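Enquirer: The whole structure should be built from the sequences, with the hints applied where relevant.
Chains as they are written, first to last, in the numbering used here: chain G, 138 to 521; chain V, 138 to 521; chain H, 138 to 521; chain X, 138 to 521.
Note that these hints are calculated values from the structure, not bench results. It cannot be assumed that every hint is accurate.
The list treats identical chains as interchangeable, and a pair is accepted whether it falls inside one copy or across any two copies.
Stated by the list, open to error - EDC-like mimics (lysine to aspartate or glutamate), calculated; alpha carbons at most 20 Å apart, straight line: (1) 438 with 225; (2) 461 with 487; (3) 438 with 490; (4) 170 with 441; (5) 461 with 441; (6) 358 with 460; (7) 461 with 187; (8) 438 with 285; (9) 401 with 196; (10) 170 with 440.
As the structure is a computational prediction, the values presented were derived from the model and not from experiment.
4 protein chains.
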Amino acid sequence: MTQPLNVGVIGCGFMGKAHSNAYRQVNHFFDRKHQPVLKACCARNRDLLDPFAARWGYESTETDWRALVARDDIDLVDICVPNNMHHEIALAAAAAGKMVVCEKPLAMNAQEGQEMVDAVERAGVANMVWFNYRRVPAIALAKQIIDEGRVGRTFHYRTTYNQDYTISADVPQGGAALWRLDARVAGSGVTGDLLAHSIDTAEWLNGPIRRVTAATETFVKERKHAESGQVEPVTIDDACMFLAFFANGSMGTFESTRYARGRKNYNTFEINGENGSIFFDLEDPHILQFFKYADPATGAKVEDHLTGWQRIHVTNFEHPYMDKWWVPGCTIGYEHTFTNALADFLESLERGEPFDPDFRAALRTQQVCDAVLESGKSGEWVEL
Amino acid sequence: MTQPLNVGVIGCGFMGKAHSNAYRQVNHFFDRKHQPVLKACCARNRDLLDPFAARWGYESTETDWRALVARDDIDLVDICVPNNMHHEIALAAAAAGKMVVCEKPLAMNAQEGQEMVDAVERAGVANMVWFNYRRVPAIALAKQIIDEGRVGRTFHYRTTYNQDYTISADVPQGGAALWRLDARVAGSGVTGDLLAHSIDTAEWLNGPIRRVTAATETFVKERKHAESGQVEPVTIDDACMFLAFFANGSMGTFESTRYARGRKNYNTFEINGENGSIFFDLEDPHILQFFKYADPATGAKVEDHLTGWQRIHVTNFEHPYMDKWWVPGCTIGYEHTFTNALADFLESLERGEPFDPDFRAALRTQQVCDAVLESGKSGEWVEL
Amino acid sequence: MTQPLNVGVIGCGFMGKAHSNAYRQVNHFFDRKHQPVLKACCARNRDLLDPFAARWGYESTETDWRALVARDDIDLVDICVPNNMHHEIALAAAAAGKMVVCEKPLAMNAQEGQEMVDAVERAGVANMVWFNYRRVPAIALAKQIIDEGRVGRTFHYRTTYNQDYTISADVPQGGAALWRLDARVAGSGVTGDLLAHSIDTAEWLNGPIRRVTAATETFVKERKHAESGQVEPVTIDDACMFLAFFANGSMGTFESTRYARGRKNYNTFEINGENGSIFFDLEDPHILQFFKYADPATGAKVEDHLTGWQRIHVTNFEHPYMDKWWVPGCTIGYEHTFTNALADFLESLERGEPFDPDFRAALRTQQVCDAVLESGKSGEWVEL
Amino acid sequence: MTQPLNVGVIGCGFMGKAHSNAYRQVNHFFDRKHQPVLKACCARNRDLLDPFAARWGYESTETDWRALVARDDIDLVDICVPNNMHHEIALAAAAAGKMVVCEKPLAMNAQEGQEMVDAVERAGVANMVWFNYRRVPAIALAKQIIDEGRVGRTFHYRTTYNQDYTISADVPQGGAALWRLDARVAGSGVTGDLLAHSIDTAEWLNGPIRRVTAATETFVKERKHAESGQVEPVTIDDACMFLAFFANGSMGTFESTRYARGRKNYNTFEINGENGSIFFDLEDPHILQFFKYADPATGAKVEDHLTGWQRIHVTNFEHPYMDKWWVPGCTIGYEHTFTNALADFLESLERGEPFDPDFRAALRTQQVCDAVLESGKSGEWVEL
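Expert: Shown next, in the form of structure tokens:
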């Protein structure tokens with residue numbers, strides 16, 4: 138038997154669109170007991186809100202998020218607003234007994250994040266953070282391959298998340314579209330926006346990070362504000378790079394920037410282990426590169442004349458999520474990672490188990506981000 | 138002002154799913170006057186039909202396609218059934234004054250196709266054939282680049298559409314899932330199923346084919362029927378290759394098979410011209426490879442030390458369709474090609490212009506397919 | 138114990154350079170009994186000959202090839218002149234009891250080739266044709282993988298040899314540098330120059346071709362002669378494409394052109410079999426792509442979530458020839474294919490076994506070329 | 138007029154082989170006044186020395202390097218022995234008035250390096266260090282593209298030099314073959330062996346490094362000595378990673394390891410600038426990837442629908458060094474980088490100009506290596 142799940146989405150920007158699509162699509166491809174109903178969406182700006190609600194078929198709208206949180210007909214609150222509002226909304230939603238799902242990064246900093254974890258755990262409400270890239274089939278396959286022992290003892294982990302859209306000094310900062318360039322709203326620059334993804338993936342695949350040393354840079358020092366038109370100092374980190382040691386003894390390099398000309402969504406990672414290696418690049422999201430050296434079950438090595446990096450086209454029915462979509466050889470795209478994540482969340486509800494990553498898992502990523510930013514300032518290694 | 142477009146879909150297999158998704162999604166991403174309404178779907182088998190209708194939210198169901206075609210509340214009939222039923226349904230739908238959209242290939246052969254063209258043109262109803270790959274953004278970009286003169290005088294066109302899913306002699310033929318392996322239902326094998334795509338794309342990009350010489354092969358001579366369990370002769374072409382000359386003087390090689398181990402959806406084409414070349418592979422659908430040699434506007438050649446194949450990541454806002462979806466660096470997938478096609482069809486309705494490819498354009502492809510099959514039998518060049 | 142092998146090279150153009158390098162280098166990397174000595178080189182033009190002889194350290198020079206062939210101090214005659222002189226020199230050299238090694242293609246046509254085979258076999262002299270690409274380590278590895286049964290029953294073979302250097306109508310024809318554009322000297326165009334390589338490789342890897350249908354084209358109909366300056370009709374095939382059936386039942390597509398903008402040395406082949414597939418591209422000569430599906434020894438299939446094309450970096454000590462050069466990860470280049478071929482030829486001398494490909498093997502390729510050209514004219518299938 | 142250059146090579150291991158090849162080949166492909174003569178080679182072990190001398194055609198041998206340095210018939214001393222002998226030999230050779238060419242890294246540390254610079258400069262003798270990778274045509278092309286302003290203001294530089302040959306704990310350390318695993322002989326591990334290359338290239342392309350923070354690791358703590366068989370502590374850095382700021386304000390990440398399963402010679406760099414970006418990977422040495430964004434001369438941006446990474450096949454006549462070798466599309470290999478370097482050195486002799494990199498330039502790299510190792514110990518940023 139199916140059961141409706143009444144959803145209230147707060148924020149109707151880019152992420153509001155991505156999440157709305159997931160709610161609309163999940164039932165078309167997955168068989169879940171809970172059937173999301175687009176009960177209400179909320180934004181302060183009616184000129185954005187009304188067409189958004191009409192486009193996606195929301196049953197109602199609110200312009201005050203507190204009103205949405207207070208409604209009895211809402212089961213789940215989805216936080217798609219800028220980072221500086223996550224904390225307050227999450228606390229209110231948890232207090233109101235709602236399930237809470239929140240865009241990443243969880244919070245402005247670890248202190249806020251801790252309070253949010255406390256709030257949802259105290260309230261006992263289901264919660265998740267939309268680190269959607271764990272649900273890229275190729276990344277989920279990487280996790281499976283690692284869990285099967287096919288990488289083995291890890292020596293190295295290296296990752297980048299590079300883009301190029303803020304190189305021009307003419308790009309403004311702030312406002313609805315570019316709040317990610319304003320640290321007062323975003324908390325930080327690439328560290329919270331992009332490295333949070335890299336760190337979430339890294340710890341999921343390779344276990345906890347123990348210590349880091351970092352450097353950050355702001356290449357363009359002043360930009361016009363998108364709304365006021367005032368030239369103001371740029372407060373975010375334009376780029377961040379750090380070295381890490383993981384608890385398992387492996388070494389890591391992390392880098393993110395929005396100044397890597399030619400890289401648009403260059404979220405890559407490579408992991409090198411005794412039995413094999415893996416490489417992934419989000420610009421080719423349907424591909425996982427795998428170098429097989431030895432079979433963990435038998436210890437048998439690949440014949441020396443046959444070793445080589447494999448380009449796995451992650452569209453087989455046997456690949457994570459892919460039996461739900463089309464047929465081998467047919468790719469899925471960006472928005473499907475949200476749909477896959479939602480499908481897993483609904484399954485966790487059905488099973489009564491916590492979703493991973495929930496607020497607690499995302500707090501961990503927040504703590505690493507904080508350590509990175511602290512090291513960027515002090516120039517010293519920071520332990521975690 | 139928007140206006141509902143009442144859709145009746147006949148067939149609820151793989152293509153029924155792909156088309157239903159397009160009807161559901163088109164309004165979320167495009168701004169079209171016509172708003173598809175999923176009025177009815179039709180299949181003979183209730184065990185498939187009812188869950189399908191429920192999943193996609195059809196308002197009603199029919200088990201007899203004639204009943205669906207006869208309904209007054211249907212504006213558009215969508216034919217998603219096996220090829221041997223296209224002709225009869227299309228004629229009836231046209232006679233009933235419905236818009237008709239039909240999966241490819243148009244028909245079992247050119248004679249059927251001609252009658253279908255006559256029917257829709259006589260009835261004056263809007264019509265289209267779902268050659269969805271024209272709406273892969275990278276292929277649409279190829280068309281744009283060619284139209285901009287960046288390829289120039291063409292010398293060569295080469296294309297493949299290779300898969301590997303019928304290599305095992307244990308794969309059965311026929312039935313709901315594998316009717317493409319039964320020539321009585323499908324008309325032909327890879328020629329109609331896969332080369333039809335290749336031919337449609339080739340003539341769209343490089344103009345009409347003038348003559349062909351072909352060879353076909355059936356590697357596995359007998360298979361069990363999927364329903365009867367009887368071992369029967371295999372009637373389709375498992376593989377087909379042909380040489381062609383185009384009207385513009387260029388030479389073409391075409392090949393398709395379901396016996397190319399490791400190729401899952403290897404729909405590729407390369408076009409070589411005086412000013413530049415283009416390569417595409419559907420297994421990396423977000424990429425268009427472009428070799429720029431000279432600028433057609435200025436005639437200026439690229440500096441000799443800077444020539445090279447470019448890997449265009451077709452996700453910029455400036456790329457076809459991509460301003461409607463996400464942001465640069467974020468890919469779309471297989472099903473979006475149907476949604477893009479539908480959006481263009483709706484736009485053609487609004488403008489009162491024919492859609493390309495319509496039945497007439499698809500008939501042309503059917504004629505080339507027929508010539509290929511004829512040459513495969515005779516061993517001689519066939520003129521078109 | 139080593140033993141000198143006195144070499145006389147006829148022709149000091151591009152191939153004279155490549156072969157001279159092989160004679161100079163073979164002893165530095167291989168341990169062969171026979172030690173080539175650069176006894177004499179021959180060309181009609183002293184202005185080219187003398188600097189060439191000085192650069193490579195030839196002990197003497199000749200301007201008349203008959204004088205070179207007549208010398209007692211020459212053991213081996215190496216024919217590096219244009220194709221129309223192969224036949225006469227080879228017959229004379231064989232008659233003089235010399236070993237004869239000849240650039241490809243063997244001859245202007247199969248009749249000449251047959252007489253050359255008869256001559257060397259009658260004389261009982263060692264002979265080889267420099268189809269150097271068999272000694273690209275990656276191609277030799279392809280042969281090994283096929284011989285190990287890792288491809289299994291073959292369904293398809295497709296190959297191209299595409300370049301782009303004659304697109305401009307301003308390229309002249311004929312003369313020392315461009316005799317390949319003059320059919321009176323070269324015998325044919327891309328068929329003998331490039332497809333001869335493709336055919337040699339194809340039959341080596343996939344067995345004999347049984348029948349073909351072909352088409353050729355000359356895109357630029359007139360060119361200035363490089364020496365006379367006269368505008369003359371172009372006599373060669375600028376491009377050639379053909380379909381084939383192999384004796385093992387597999388289908389083949391072949392294509393070659395010098396009008397594929399952006400392709401410089403695009404000598405590619407792909408072979409698809411029941412157990413696996415292979416792809417090679419001479420523009421990345423150190424790479425062999427291999428798709429493993431099943432192990433021929435055990436029949437075990439690769440796990441479905443781990444299948445993918447492998448990019449084998451053919452520089453391991455275990456790869457053909459690579460233990461003779463540097464260390465894993467270090468590539469070799471174009472000229473090494475000649476050195477490897479020479480090393481194998483010297484080994485065949487030492488073992489007293491025929492070299493493959495010798496004149497007889499190259500005659501076979503010539504026969505296929507003749508059949509292709511014949512079919513190109515008649516438009517009909519030609520049996521072999 | 139040509140002039141002999143009498144060469145004495147000390148060391149007949151892997152680098153002795155690579156250098157000997159360069160001396161043998163340079164005159165075959167370049168037109169230099171100085172003609173290297175292989176006068177003498179030197180090694181302590183006669184069993185290695187004599188076959189080596191015979192293979193490469195050295196006129197004489199020495200088993201004491203001091204005897205070689207003392208010979209009047211030697212113009213140039215080439216140091217191909219392990220790092221701990223560079224200093225003493227270089228000082229003696231300079232004092233004897235010989236030209237001195239030395240394998241990289243220059244010395245065990247910057248102090249030794251400084252004394253070597255002083256020695257050659259005091260003696261006024263020509264000198265070079267074989268940082269051969271600057272003469273990979275693709276890397277030389279990168280330099281040219283940067284010098285043409287096509288990268289523009291630099292934001293990021295990232296580089297790796299990763300291999301996988303010491304993962305097994307069974308690999309011994311020390312002795313003739315594996316002295317690179319013994320810090321007493323090599324000075325350091327991957328830092329001096331591999332990162333020295335990365336640093337040399339980085340500063341050549343992107344200017345001086347100003348400060349670094351580093352971490353090193355030794356994954357396998359004990360290994361058997363290759364000669365004594367004794368298990369001894371491993372003294373080298375198995376892996377090293379560091380962050381850097383360059384004088385031009387750009388940020389850098391550097392990493393090297395011999396524990397990156399599947400990477401054999403993964404010497405890569407990427408540079409991101411305002412006008413464009415470049416990527417290189419030594420495992421595909423004939424390719425330079427270039428992303429063009431704006432033309433520095435005109436400021437014109439590439440059309441938005443045509444931007445993409447270009448794969449430049451660095452084999453055109455217009456590419457560095459390539460007019461000396463074969464024809465477009467034909468690659469060269471690993472050893473050619475030494476030949477190209479030697480050709481440039483001989484040209485510098487002819488012009489009476491210093492070679493770059495000479496001892497002084499290599500000292501700079503040594504200083505960066507020392508700073509990296511110091512930071513690896515202290516955990517703090519080190520200024521340069």
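Enquirer: What are the numbers of the hints the structure violates, in ascending order?
Expert: 1, 3, 4, 6, 9 and 10
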